[in-house]
Amino acid sequence: MRVIPRSHVEGTAGYSDYEPALGESVFPTEICKPQRDDDRAVYLELAPNQASLHDARIQHGSEANNSDQRRCGWTLRFCSTRSRFAEASWDGAHQVYLAQGVDHAGNRYAEPGRAYPEVLERRLDTRRYRHSH
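Numbering (my numbering), first residue to last: 1 to 133.
Hints are supplied without guarantee of correctness; some may be wrong.
[As the list claims (entries may be wrong)] Quick list of the computed label-pair ranges, beta carbon to beta carbon:
(1) 33 <-> 64: 14 to 22 Å
(2) 39 <-> 116: 38 to 46 Å
(3) 125 <-> 75: 32 to 40 Å
(4) 20 <-> 104: 42 to 50 Å
(5) 99 <-> 58: 34 to 42 Å
(6) 39 <-> 118: 41 to 49 Å
(7) 68 <-> 101: 36 to 44 Å
FYI, nobody ran anything at the bench for these hints, they're computed from the structure. Where a beta carbon is used, it is the ideal one built from N, C-alpha and C, also for glycine.
Assemble the whole structure, with the sequences as input and the hints as a guide.
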């Protein structure tokens with residue numbers, strides 16, 4: 001994997017210009033070249049069962065996985081228990097879990113050991129989870 005250092009602090013609105021991804025890519029689009037500086041990219045070699053923890057806004061990615069070993073990404077976001085989750089804006093396609101502490105915002109939390117097939121179904125119907133920008 002490679003990251004572009006400090007790219008998560010350089011913009012205030014995120015990245016809005018995308019172009020079709022070329023070659024073998026999990027995502028159909030990528031950030032347009034003028035919005036990224038590939039010459040500043042730093043490579044992070046991860047061994048099997050290692051993970052990278054980084055700000056979701058940092059520009060990051062990797063070349064195609066040509067090995068026989070599965071590679072996956074898993075995104076977690078943490079926030080204060082005083083933050084209110086805007087449940088309606090996600091239309092049932094997302095849920096939150098209380099990792100620790102006491103809720104101060106009146107959120108509804110999912111149960112960690114329970115399956116939520118209805119949430120998965122909503123994700124399949126929601127553009128936000130289709131990796132198109």
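key: Cβ separation of residue 33 and residue 64, checked against the hinted range 14 to 22 Å   = holds (19 Å)
key: Verdict for residue 99, residue 58 (Cβ pair) under range 34 to 42 Å   = For residue 99 and residue 58 the Cβ distance comes to about 22 Å; the hint is violated.
task = Note whether the CB distance of residue 125 and residue 75 lies within 32 to 40 Å or breaks it.
result = violated (19 Å)
message = For the hint 36 to 44 Å, verify it against the beta carbon of residue 68 and that of residue 101.
response = holds (42 Å)
query = Taking the beta carbons of residue 39 and residue 118, is their distance inside 41 to 49 Å?
reply = At 46 Å between Cβs, range holds.
query = Cβ-Cβ distance between residue 39 and residue 116: within 38 to 46 Å?
reply = holds (43 Å)
query = Between residue 20 and residue 104, does the C-beta distance stay in 42 to 50 Å?
reply = This hint holds: roughly 44 Å between Cβ atoms.
In this structure, the hints that do not hold are numbers 3, 5, in rising order.
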